[in-house]
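Visitor: Spelled out, the chains give:
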Amino acid sequence: MVDFLIGLFLASLIVALFTTRLNGLLLWYAINSLMLGLLALSMGSSIDDDAMILSGVITILMKAIAIPFFLKNISQKFHFSQQIVPKIKVHYAIMLVPVILVFTFYLSEPIVNMIHTHANYMAISISSLFLALLLIMEHSGVVPKVIGFLALENSLFLLGTTATKGMPMLIELGIFFDLLMAIVVINLLFDKEEMRI
Amino acid sequence: MILYLLTIVLLILIAPILLSYIKATKMVLFFKRPVPLLQGYRNFSKLFSKETIISEETSAITRYAPFLVLSPLLVTMFFLPPIVGGAYYVSFVDAFTITGLISLSTFFLMLLGLDSASAFGGMGSSRESFISALVEPAMILTIFSVSLMADNLGIGQAGVNLAEHFPKEHMASYLFAGISFFILLMAENGRIPVDNTETHLELTMVHEAMILDLTGVYLAIIETASSIKFVIFASLFASLFMPFGLDFIAPIAFVIFVLKLFFVATLVAVFEVNTAKLRIFKIPNLLGLAIVFAFLSLITFYVLGD
Amino acid sequence: MMLTLLLTPALFMFLVSFLRNENAKYLLALSSFAILFPIVDLFTFVKPYAILGTYLVADKLDTYVLLVSSIVGIGVTLALFDLDKHVKVSPKAYRKFYRFFAIFWVGLIFSILSNHMGIYWIGLELATLSTVYMIKTNHTPAAHKEAWNYMIVGAIAVSLILFGIILMYASAKPILGEEAMQFDLLLKHAKEIPSPFLFEIGFAIATIGMFVKMGFFPMNLWLANIERASFYPVAALFSGILESAVIVGFFRFSQIAMEINYNNLFIFVFIYTILTIFIVSFLIFRAKDFMRLFSLSGIEHMALIVLFWVSGSPFAALLHFGAHAFLKPALFLSTGVLESNGKFRIPGALRGYKGKRGKIFLLLVSLFLLAIISLPPSPMFFSELYGFGAMINTAKESNHMLGMIGAVLFLLILLSIIFYRFVAIYQSMKYEGEDQDKKVYAGELFALIIFAISLAALMLPDTLHYLKTII
Amino acid sequence: MFVFDTLSLVFVALILLGVLPNLFYSSGYLPHIERKGYYQLHYFAFIASMLGVVVSANALVFLFFWELMSLSSWQLILTEVEDKSTIKAARFYFLMTHFGFVFLMLFFFIVGNGNLGLDFSAMHLIASEFAYPGLLFLFLLLGFLSKAGAVPLHVWLPYAHPAAPSPISALMSGVMLKVAIYGIFRFLLDVLYPWPLEWGILILSIGALSSLIGVLYALSEHDIKALLANHSIENIGIILIGFGMGMIFDSLHLEVLSTFAFIAALFHTFNHMSFKSLLFMSAGAVLHQTHTKNMEKYGGLIKAMPLTAFTFLIAAISISALPPSNGFLSEWMIFQSLLDSSHLTIISLKLAIPFAIFSLAMTGGLAIACFVKAYGITFLGLHRSTNAKHAKEVNFLMKSGMILMTAVVLSLMLFTPFYIQWFDKVFVSLGRASVYAKIFPDGIWNMHSIGINGGMVSPLVLLISLIVITALMLFAYKLFGVKTRLHKTWACGYTTSAKTQYSATGFAGPIRRFFDWLYKPNEHFHKQTIAEHNTKFTSAHYEVHIQPLFERVFYQSMVKLTNLISYWVYRLAHFGQTRYAAMIFNIMLLVLFSYRLFTHEFSWALFIFELLIMMTSTKILIIGDKK
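Protein chains in written order, with numbering that gives the first Met the number 0: chain A, 0 to 196; chain B, 0 to 305; chain C, 0 to 470; chain D, 0 to 626.
Calculated directly from the structure, the hints in this document are not laboratory data. The beta-carbon is built from N, C-alpha and C at its ideal position, and this holds for glycine as well. Careful: at least some of the hints might be erroneous.
To be verified - Subject to a maximum C-alpha distance of 30 angstroms in a straight line, what follows is the list of computed DSS-like cross-link-like pairs (lysine-lysine):
{"id": "1", "chain 1": "D", "residue 1": "Lys498", "chain 2": "C", "residue 2": "Lys144"}
{"id": "2", "chain 1": "D", "residue 1": "Lys35", "chain 2": "D", "residue 2": "Lys296"}
{"id": "3", "chain 1": "D", "residue 1": "Lys296", "chain 2": "D", "residue 2": "Lys87"}
{"id": "4", "chain 1": "C", "residue 1": "Lys358", "chain 2": "D", "residue 2": "Lys87"}
{"id": "5", "chain 1": "D", "residue 1": "Lys498", "chain 2": "D", "residue 2": "Lys292"}
{"id": "6", "chain 1": "B", "residue 1": "Lys49", "chain 2": "D", "residue 2": "Lys477"}
{"id": "7", "chain 1": "D", "residue 1": "Lys35", "chain 2": "B", "residue 2": "Lys49"}
{"id": "8", "chain 1": "D", "residue 1": "Lys498", "chain 2": "B", "residue 2": "Lys281"}
As the list claims (entries may be wrong) - Some chain D residues judged to face chain A by a derived CB distance under 10 angstroms, without partners named:
{"id": "9", "residue": "Val558"}
{"id": "10", "residue": "Val568"}
{"id": "11", "residue": "Arg570"}
{"id": "12", "residue": "Arg578"}
{"id": "13", "residue": "Met582"}
{"id": "14", "residue": "Leu588"}
{"id": "15", "residue": "Phe592"}
{"id": "16", "residue": "Tyr594"}
{"id": "17", "residue": "His599"}
{"id": "18", "residue": "Glu600"}
{"id": "19", "residue": "Leu605"}
{"id": "20", "residue": "Ile607"}
{"id": "21", "residue": "Leu610"}
{"id": "22", "residue": "Ser616"}
{"id": "23", "residue": "Leu620"}
Generate the whole structure from the sequences, applying the supplied hints.
Guide: Laid out in structure tokens, this is it:
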């Protein structure tokens, strides 16, 4: 079940990379967050960790529902163009994604010998980190970049849940608080004018 | 001690005669009627009786420099090697000091040239500085080589040592040093390939250009200085490179020494007659030769010696 | 109790910033001064002093950093008084600035005092996000653009730090459990970590995040552009305070990493910083703008601090840190005056100061300029001597002695390029160009004087002794 | 913290001897300076820092004072900024001194194991254990010689010294350079002892080269202060020749000869301090009156400034190493130690040292030429500009400074035995045998060389005999009462004027032409010809400018290289300005890859693979497609 959810997580991220519509991107991000939340829920219930269940619930509520809606509102409010064309050509991207996956597994290979269980999860998290970075760099618009950043945050959570079986409760809450803060700041930055970087 | 002082006086007295002798020899060789040997004295007395004209543009330098040109040379006279065996000689002065004193004299001579604000004086000084700068290294290297052969750097002691112990085992080295020293003698005394004291043509003048503005006593002093300079070089050459005849009793030894001086003078005259004055920018070639010979002398001493 | 004391001024500032009163301005500044007192108080306690369980622990290192930061904060607020005389600032922007300044302080206090990787990160993120909006108080398109730039890149950098933290946590969790996030415990049990490679990967990722945030290679111009686009005090805040929060993290992480594998850590940091200084020195060689010049030189100094720290001379690193933290904001603040006749005018920037204020300003800025190229008696002179000394000592003990000495020589030559450029700029400021009248205001001057006094205090034997005992 | 052994005290004395007359001179010069407070502050800081350097006992204090010395002298150069050239000179000076500082710092770090508080005496052990002593020596050389101004690190001198106010030029050239010499003495004798033979040879060659190059460039200068600055290079070269010989003898275990050579070097250090300070002071007085450094604008100043002219003459005789001056004595000693090379057993070295003798002798000859030029053009003849015409003697304080310095020069000449005895103590304190008794075996009259067939000189006898003979002649001249008449200079029927005199450029002409291959002069020759005749012209203008070879080859190419790299870096940095995320991506990739590769397991194949991936990703993500 855990492996399945992680697979879906990665898949949704990769699909997001190739999306050319803003709403599509938001959707895939929502699915991505949902998978993360479900993962946390299932892992939390299997090892009976209340903190992880709580964080899974918050993830689903905040990342899978609230933030996509918020961003959608903003994009409608400021009339962002729906068309988002990746700067990196598709054939390069097709090459890059597998290369990143191979590389991260190569990177985490020595760890497998040291800790027995989670090496692969870690590799996946690192590769999703790279993919999120790829997402940021292939778009020039502000909203896709923000989504890329949020995807980055998701990959962090993936690492936190899978590799360490959940961080201390206080820290997780703190991270959520910071995320909230980030959203506020982003909202402030949008202020009036539509900007492109 | 008396012999020592006597030698100095005699050498000073002989100095003007030597220069006149060179001139006379050259004239004989050119099939001209030679000047009398005492011409030098005649010139001196004539200049001495004339009034001295000093240029308005000059400064204190002109008033003192002639004396300062002469006095280092006179001092040098006291430091020459003995010409009679057993006579007193100054042991506490080495060859460097002598080159230094000669340079000091030249230094004031060059300042003198610049003092009168005339173009000729400047030209002369400029050329003289060029020549003496190139003479310096050759001179010191030659001295070094000779001092090695004589086992002493003190010039008086070196003369004695060479007379007592002729450096047979270093003949090549000795010869090279001699050649080098002879070239230096020609260059330092303004003889023909380097300078020509007999013409007043601006293309060739060096020494004469510097003193062009001097008259009367000042000129006489400078002329004396140049004749003394010649005697210094000639007697150094005689003592260092013809170190024999010191063993005889004083009068004979002295006569032999004077003959040696006249021999050097003849050599110079013959050399002068057979060469042409070099262009100023060709002079380094000649002095370069002197430097090379000095080096060669040192190298052969080190390589062939011992 | 202590925590409340520490946070009260910031919270007060936050609340006051909503007042629309004219005099609120003074209240705000006052509250920012008030921050200093609890910190001084904290300074006198016996270390380590637990402020909040094992989460926030004040030890010598962090109180020192916090003290330096608070002095810088005071200087910055002083300079803020007269900012509107140089540039256009609305009262609303002032208030907003203070609002975020308060949040910034809270974040900063948490991150600097934390003994816990997670808390450290939360504080850092808070501080980062709050500065984003400070950039935007300058209402220009450039500032807006750079605010976004900062938002995205800063967020990425901070995320990388968290990523690294999680990896480190994961590596130590098998032996320490949930407490694997505490710095002191990690340091104590560093040798027992079952998978050092995992820790090192985590450290590398976190370090990249920190280095990116400090503007190291390849992000050199990123920070410079941001500081150019924002107001002078904000730039001063960036270089003087925010960077110190980042570097405290680096200090702590690298302490643990040194225990695990010193060699790897050293080579990694060494190469990274040399690369940074290489780029920075040649960028400085071409810099024609004060802000960019100072911010690039700030990057250079941060790189040096990092380098000194890992070369085993924490004293040099901390001294350099202190000097940098005082000097750089001072220069950023004085740039406001230097540029009062227009930007990009280096020749003659130090001319045309009349009156007593002008004279003092001139003297101080000249001294500061000469101090950042580490001429004696600047503290940087001594810190560089000690730092490079430690580096050479490390080199002598390593297997690649000649290579390392060569690298240090290369580094010093790069610093000489910077030196040359600063000398050239100083001379050009002072002796070229025309005399154009420039006004100096009391606020800025006081700020500069505070910085100058602090610098002098840094050189006191007692301070030096204190710095030596920190580690 | 501080050390007061004989070596330090000797240099303290040197500094004080150089500084005390300078204090008078400087206060006389003060009204001329606008920023008085600034000047005074840095002036005293400069003096204090020099004193601090020579008495400091550990690296931290040494470096502190050293850098303070650079800082204050740099600020002093900037006291009177009149044109851009001063700014440039100051900048260049500061860069060069910083350059030297870098190497000194490295040196101290290595010999102190990074502990800067270590005493110099404790460094010896660490230095002897260091695996690459050659490296230490190199650092030391670069550090001190860049300050001392030895070839090829001499380029800053002819720029910096002229730019500074005259008292400062005198201090910088006379005293500051000697502080660097102190460093060489101190650290070679104390820390890096003993040396291999090659080090001595290296120093000797640097010295020989510096002396020749210095004097050659001095000859081609017509800026009087730059001329003197170039002579400093020459004299530093001479000092280094002596020092190098000392090192050579020492490494061949000829200890007595080595001490003699070291004393010679030290003595020349003192002499150079005295006469170079005096020269700069006199030149400063001339400059003060004529407001120009260009020698072509001087002339005839001896009439208006007799005292200045006299002091300059004394110094010129001394620097030209003419007997019986102190300059002659020290150069004599150095010559003697060169001649002592005949004691060496290594034949190749024996054959090589004559080249040093040659260059030293050549230097002497050229120095005479140069000072005839400097003195003759400046003080003799007719004034060449209106400023020179209206020149007056300088004020009392400046005059007293010059007189005091003359006294120092004369004291070095008259009390040579005393000084040598003192210098001897320096080496006795370093554990060597005293050689004073060998230099002056029979009282103070005769000075002996130490070699087996070495020479001898008696300075006092020379001096007295010269004075007596000259006085006698003058007396005789007065006695005869020769009639004198004043008249115009005879110029072959033309009138003599300032324009018909020889110029400085013309004076050095023959030598310049001879060394054309070195100078590669930049000649400007304009003439207004009449009717296309080459030989007939109404006016002509001739100027020669010479850019030193080293500057051309070394420094300008360095500047070019730096510019090139900086341009490249600048472009690169601006290029990727907006692709921050991509850059982070790449740096992550690079770091993680390298970590994996280098710390875990290394293989070349993977390395190349990594390189390829990095290149591709940089190309795709950062550089992108060409447009």
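Visitor: Compare the structure with each hint and give your call.
Guide: Each hint tested on the structure:
With a C-alpha separation of about 69 angstroms, the suggested pairing of D/Lys498 with C/Lys144 is violated against the 30 angstroms cut-off. A hinted pair counts as satisfied when its Cα atoms are at most 30 angstroms apart, and D/Lys35 with D/Lys296 qualifies at roughly 29 angstroms. Taking the CA atoms of D/Lys296 and D/Lys87, the gap is about 24 angstroms. The hint holds against a cut of 30 angstroms. As the CA atoms of C/Lys358 and D/Lys87 are separated by approximately 25 angstroms, the hinted pair is consistent with the 30 angstroms bound.
Taking the CA atoms of D/Lys498 and D/Lys292, the gap is about 19 angstroms. The hint holds against a cut of 30 angstroms. Proximity of B/Lys49 to D/Lys477 is assessed by CA-CA distance (about 15 angstroms); at most 30 angstroms being required, the pair is judged to hold. Proximity of D/Lys35 to B/Lys49 is assessed by CA-CA distance (about 58 angstroms); at most 30 angstroms being required, the pair is judged violated. For the suggested pair D/Lys498 and B/Lys281, the alpha carbons sit about 28 angstroms apart, so the restraint of at most 30 angstroms is met.
The beta carbon of D/Val558 is not positioned within 10 angstroms of any beta carbon in chain A (closest approach about 38 angstroms), and the interface hint is therefore violated. With its C-beta approaching chain A no nearer than about 23 angstroms, D/Val568 sits outside the 10 angstroms limit, and its interface hint is violated. Checking D/Arg570 against chain A by beta carbon gives a least distance of about 21 angstroms; that is not within 10 angstroms, so the hint is violated. At its closest, the beta carbon of D/Arg578 sits 7 angstroms from a beta carbon of chain A; the interface hint therefore holds under the 10 angstroms criterion.
For D/Met582, the shortest C-beta to C-beta distance to chain A is roughly 9 angstroms, which falls under 10 angstroms, so the interface hint holds. The beta carbon of D/Leu588 is positioned within 10 angstroms of a beta carbon in chain A (closest approach about 7 angstroms), and the interface hint is therefore held. About 7 angstroms separates the beta-carbon of D/Phe592 from the nearest beta-carbon of chain A, less than 10 angstroms, and the hint is met. Interface hint status for D/Tyr594: upheld, as the beta-carbon distance to the closest one in chain A is roughly 8 angstroms, under 10 angstroms.
Annotation: D/His599 was flagged as interfacial toward chain A, and the flag holds, the nearest CB pair being 5 angstroms apart, inside 10 angstroms. Because the closest C-beta pair between D/Glu600 and chain A is about 8 angstroms apart, less than 10 angstroms, the hint holds. With its C-beta approaching chain A no nearer than about 9 angstroms, D/Leu605 sits inside the 10 angstroms limit, and its interface hint holds. This hint is violated: D/Ile607 has a C-beta 15 angstroms from the nearest C-beta of chain A, more than the 10 angstroms allowed.
With a cut of 10 angstroms, the hint placing D/Leu610 at the interface with chain A is violated, because the nearest CB-to-CB distance is about 14 angstroms. Restraint check, D/Ser616 versus chain A: the minimum CB separation of about 8 angstroms is within 10 angstroms; hint holds. At a threshold of 10 angstroms, the smallest CB-CB gap from D/Leu620 to chain A is about 7 angstroms, leaving the interface hint in force.
Of the numbered hints stated above, those contradicted by the structure are hints 1, 7, 9, 10, 11, 20 and 21, listed in ascending order.
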